[in-house]
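Trainee: Protein chains in written order, with the numbering used here: chain E, 18 to 223; chain P, 18 to 223.
It is possible that part of the hints are untrue.
[Unchecked claim] Keeping only pairs whose Cα atoms sit at most 25 Å apart, straight-line, the calculated DMTMM-like set for lysine to aspartate or glutamate is:
| id | chain 1 | residue 1 | chain 2 | residue 2 |
| --- | --- | --- | --- | --- |
| 1 | E | Lys142 | P | Asp110 |
| 2 | E | Lys138 | P | Asp25 |
| 3 | E | Lys138 | E | Asp110 |
| 4 | P | Lys142 | E | Glu53 |
It is worth saying that the hints were derived from the structure and are not from the lab.
Protein chains: 2
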Amino acid sequence: MNDKNIPDIVIGRLPVYLRSLQRMEQEGRQVTSSQELGERLGISAAQIRKDLSQFGEFGKQGTGYNIEYLSNQLLEILHIDRTWDVVIVGAGDIGSALATYNGFSHRGFRVVGIFDNDPDKVGDKVGDYVVANTSDIEEQIQANNIQVAMLAVPAGNAQAVASELIDAGVRAILNYAPVSLNVPPDVRVQYIDPAIHLQRMTYYLD
Amino acid sequence: MNDKNIPDIVIGRLPVYLRSLQRMEQEGRQVTSSQELGERLGISAAQIRKDLSQFGEFGKQGTGYNIEYLSNQLLEILHIDRTWDVVIVGAGDIGSALATYNGFSHRGFRVVGIFDNDPDKVGDKVGDYVVANTSDIEEQIQANNIQVAMLAVPAGNAQAVASELIDAGVRAILNYAPVSLNVPPDVRVQYIDPAIHLQRMTYYLD
């Protein structure tokens, strides 16, 4: 199922399809079509059919997709038919917002700790968590076999912290620091930098 | 310069190139190469040269790119050689983190207001801002010709608020609500949903 030859851009669309399908499920819907999904998402129906066809035969010509079945297949393909433990590094505004965000638990992730190297922040309560010292993070990652981290530290610290996380066993980093990270080929990084996203849009504005 | 035929995926890489170039400028550097940029970013040098060549001839064979010149060209191409006023809708954790984020002002954006429809939040201080009532947003957008908004409201409200923003004149929305928006073809939307980014990575994990 995990065919590494499928382009990452296709993989990137699967969670978006899944989110729409799960919303339809919440609405009590049972069947949808690539046309309907496409309209909801602003993606062509042909693209959606082509993307999904890389993973199997999920719909029948003329009858569309069974929403629950397709959702479950996507959960499996994306490996979120399990729950991934996640650490947050950085207990500033962004790290704190992530720690209190309630959108992870039903989407495959459980935040298990938030860390900071600022002695003034260590021990503080953030949502349900007590901020731990970053010096303890390696031990925690190894003890609990944690592979996923969210990085919300200042740009100047990001590479050093990322390297430490990777040494400890992390394989996927969601990086909020506005800086590109050098990582080994078997480590994935996704970037969230609001200015980058805004700049991508102003290109189209006059 | 603003050739609409250039693929959006190329446009999406330009801000990433710019961020690296600006970091090099801060480091006091004057010249770089597609090789060096590529190594910093994990993108092939050939891809970088191909992307940039769509906008002109920025480097000389063998001497590389002048960092300041290329930065300035990218600022122009992305239309951030000016400052864009931006409104934030939603004064929860994410909206508040955005309002106090100091990474916008030197990258082409100025937050001019934060809005919420919760009477308990209206009037609160968030960083340098006083939370205003969302009912006043249309007037503000029109009076100040604001084209860019960041949307950090609950998923259930996002479409309604987005439609209101667009009616008032907004043409670019950075959407933090975990829901796809229906917008007219002349409006750009970028999505920031951490769970989506995490799910894109767990595909590659065992």
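Trainee: Does each hint hold? Answer for all of them.
Mentor: Hint by hint, here is what the structure shows:
1. E/Lys142 x P/Asp110: holds, 15 Å
2. E/Lys138 x P/Asp25: violated, 41 Å
3. E/Lys138 x E/Asp110: Roughly 12 Å separates the two Cα atoms, so the pair holds.
4. P/Lys142 x E/Glu53: violated, 42 Å
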